[in-house]
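Asker: Sequence:
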Amino acid sequence: MSSRLQYLSHYPERLQQQIQQMIDDNALGDWLRTRYPATHSVANDNDLREYVIGLKNQYMKKTQPLSKVIYDQKIHIVNHALGLHSYVSRVQGGKLKSKNELRVSSLFKNTPEPFLNMIVVHELAHLKEKEHNKAFYKLCQHMLPDYHQIEFDVRVYLTELELTGYVYNVPKEA
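Numbering (this note's numbering), first residue to last: 328 to 501.
Don't read these hints as lab results, they were simulated from the structure.
Glycine is no exception: its CB is placed at the ideal position from the N, C-alpha and C atoms.
Some clues are possibly wrong.
Said to hold, decoys possible - The list that follows gives simulated cross-link-like pairs (lysine to any residue, SDA-like), each with its CA atoms no further than 25 Å apart:
#1 K457 x Y386
#2 K388 x Q333
#3 K383 x L488
#4 K461 x K401
#5 K401 x H469
Said to hold, decoys possible - Listed next, with one range per pair, are the computed distances between beta-carbon atoms:
#6 R341 x T361: 15 to 25 Å
#7 Q348 x S394: 25 to 35 Å
#8 K401 x Y493: 13 to 23 Å
#9 S433 x E458: 24 to 34 Å
#10 Q391 x Q333: 30 to 40 Å
#11 R362 x H337: 36 to 46 Å
#12 K395 x Y464: 38 to 48 Å
#13 Q345 x H459: 18 to 28 Å
#14 W358 x H337: 15 to 25 Å
#15 Q385 x H459: 21 to 31 Å
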């Protein structure tokens, strides 16, 4: 399959062929916009923090609080990351204090809400499960039952974004 399908390389050949056909027909962006017609309104770091804390309180009340939640322009798909969870440890008065931070790629400022939801769920799941193991994906599916389908759709979105440079802000001449 084409190197253009790097985000989908672990999926079955049949699915890759279907996506490649949509690319060849110049129909991938239209398919995404039909499936997900609107983008979310979580526009800034404060909105994102409220969104993340809402999900965390709904599904993971007993986990440590988040000290920082932001959109991060430095996170880019080139690094194979769409979001980051980090643990900052500091010594304060003889005690080791850790703070949890959640960062979402600013790439997700203009996407459908399910895409943002999937990234946030993924990063929240890392608060309990550090590795991408069976327990991790089970937790993701608990918070977002169609997690795997949306993850696939995000990968399709990334493919179209890389090919055309846009999905939802279609240039007037396109």
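Asker: Hint by hint, say whether it matches the structure.
Answerer: Structure-based check of each hint:
1. With a CA separation close to 17 Å, the supplied pair K457 and Y386 stays within the 25 Å bound.
2. Taken as a hint, the K388 and Q333 pair is broken in the structure, with Cα atoms around 36 Å apart against an allowance of 25 Å.
3. For the given pair, K383 sits about 29 Å from L488 by alpha-carbon distance, which is inconsistent with the 25 Å threshold.
4. With a CA separation close to 29 Å, the supplied pair K461 and K401 exceeds the 25 Å bound.
5. Proposed proximity of K401 and H469 is contradicted: the alpha carbons are some 29 Å apart, above 25 Å.
6. For the hinted restraint 15 to 25 Å between R341 and T361, the CB-CB distance of approximately 21 Å keeps it satisfied.
7. At roughly 46 Å, the beta carbons of Q348 and S394 sit outside the given window of 25 to 35 Å.
8. Against the hinted window of 13 to 23 Å, the Cβ-Cβ separation of K401 and Y493 comes to about 21 Å, which satisfies the hint.
9. As the Cβ distance of S433 to E458 is approximately 26 Å, the hint placing it in 24 to 34 Å holds.
10. The supplied range of 30 to 40 Å is met by Q391 and Q333, whose beta-carbon atoms lie about 35 Å from each other.
11. Taken as a hint, the range 36 to 46 Å is violated for the pair R362 and H337, whose Cβ atoms sit roughly 21 Å apart.
12. Between K395 and Y464 the beta carbons are some 26 Å apart, a value that contradicts the proposed interval 38 to 48 Å.
13. Distance hint for Q345 and H459: a CB-CB separation of about 26 Å, consistent with the stated range 18 to 28 Å.
14. For the pair W358 and H337, the beta carbons lie near 20 Å from each other, so the given range of 15 to 25 Å is met.
15. Hint check: Q385 to H459, Cβ distance near 22 Å, so the stated range 21 to 31 Å holds.
When held up to the earlier numbered hints, the structure conflicts with 2, 3, 4, 5, 7, 11, 12 and fits the remainder.
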